[in-house]
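Participant: Kindly produce the complete structure, drawing on both the sequences and the hints.
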Amino acid sequence: MSYLKLSTGVGLGFVSYVLFYILSWYIATKLGDPTEFGDYSVAIAVIAFFSSFALIGSNKLALEVLPQYIAKHEYGIAHGFIRRGIQWCLSGTIILVIVAALTYEGYKLVFDPRHHHPILVGILFTPIISLALFFVEVINAVGYYIISSIIYRVGLPIFIFGIIVLVGLSGAGVTDTSAVVATGIGWSILAFVLLLAFGLKHIRHIIKATPEYNTSTWINKGIPFWATQIAYYGINSVGVILLELIHPDEGTVGIFSIALQTASFFILFTTSSNRYLLPMISASLQDKEQVSTILRKRRDFIICAGLAFFALMILWGKPILGLFGTEYQQAYIAMILLTFAYIGQTLYGIVPYLLIYCGHKAYTLRILGILLLLTAVLTSALIPFLHVMGAALGFALAVLVVCIYQEMVLRKLTGFRILF
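Residues in the sequence shown are numbered from 1 upward in steps of one, following this note's numbering.
Calculated from the structure, these hints are not laboratory results.
All clues stand as given, with none of them false.
Distance condition first, Cα-Cα at most 35 angstroms in a straight line; then the derived DSBU-like pairs of lysine-lysine: (1) LYS297 <-> LYS412; (2) LYS361 <-> LYS297; (3) LYS208 <-> LYS221; (4) LYS72 <-> LYS297; (5) LYS72 <-> LYS201; (6) LYS318 <-> LYS297; (7) LYS361 <-> LYS72; (8) LYS221 <-> LYS72; (9) LYS201 <-> LYS221; (10) LYS208 <-> LYS361; (11) LYS297 <-> LYS201; (12) LYS221 <-> LYS297; (13) LYS208 <-> LYS72; (14) LYS361 <-> LYS412; (15) LYS30 <-> LYS318; (16) LYS361 <-> LYS288; (17) LYS288 <-> LYS72; (18) LYS221 <-> LYS361; (19) LYS201 <-> LYS288; (20) LYS412 <-> LYS72; (21) LYS221 <-> LYS412; (22) LYS221 <-> LYS288; (23) LYS288 <-> LYS412.
Label-pair ranges, simulated between beta-carbon atoms: (24) LEU400 <-> TRP316: 19 to 27 angstroms; (25) VAL377 <-> LYS288: 31 to 39 angstroms; (26) SER292 <-> VAL401: 23 to 31 angstroms; (27) ILE95 <-> LEU245: 24 to 32 angstroms.
Think of the CB as a built atom: it goes at the ideal place given N, C-alpha and C, for glycine as much as any other residue.
Facilitator: Have a look at this one:
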């Protein structure tokens, strides 16, 4: 494990976070009303869920199988996997778009057009977004970790911000719908740039090989990754969605969304470290000592970074929220709770994938199911009384319980440990 590469990936994640935070600040100030920003946030959450749903786990599966195929010089099967993954992305998202347009969102568009129009417009971009997410992991899995991180982490927020600025300068004005469209166009530009990156040497070598397919095996392996991604998206979005359903007035959704985005910086440590470490763990799984060393170094890195970030949020969290307006500062305590939860989730964010790699798929699904159910139950129970604080407290309590459970399960089934 190279601390330099891991730190570079996390550093790029930090740059991405700052850029996206500036982007959110720009959109929130242009929209003015926290309620309208809440509509935009709900639309983005739904789009992210749809895009991940259609992948069928192919993007995370790429991190496991492509390094193995390349190590064995099985370029034909690697090419077949990439082609099949693209087909899954396109077919899955197109079906979802049609179903959404004809059923629930079509109904809501007719009866409440202002509120649900951004969602329906946004899901039209899900095929392109799914492709981009798949391309990122393919480029990373074949050995271009830094290149994929730069394009994805830095390029995407710049593309989206540029489009939104152009919309503002055009005189049309920034609305929740136009912000969603700009986000979709930014993802489209990202997908095009990533497609150009397929001309890199190692990827070009794979693409030249005659494709071979092992679809049934890929589906069986991909479903646990798919369920893991869906669960994580649900867990991280449930607070926004339940607030929208239970307590949508007084701009609570927009206020909570900013607190969530502020605290969620730390989740970048999960995505950045997993994107770098999972291919390494997959290739070294037979050497338990080496895997344990990787996990120990990862733990030390995350704990040090987590303590620093937690202190930063305590000292500077309220002024940071105040950048969006004084009404957002009421979410300060909620943001602290969310920060605590995200540090715990980051620390144990590699456990579901470790269990899958070790053949314990059922336990992975059980862990994520418990976390999703606990988050939904606790959040829905607390929101009517505590509003924004209730959404944050429900999430934090659920994460705490499940982190303890994950430590116990991981020790029992694999002998690996995260914290103790």
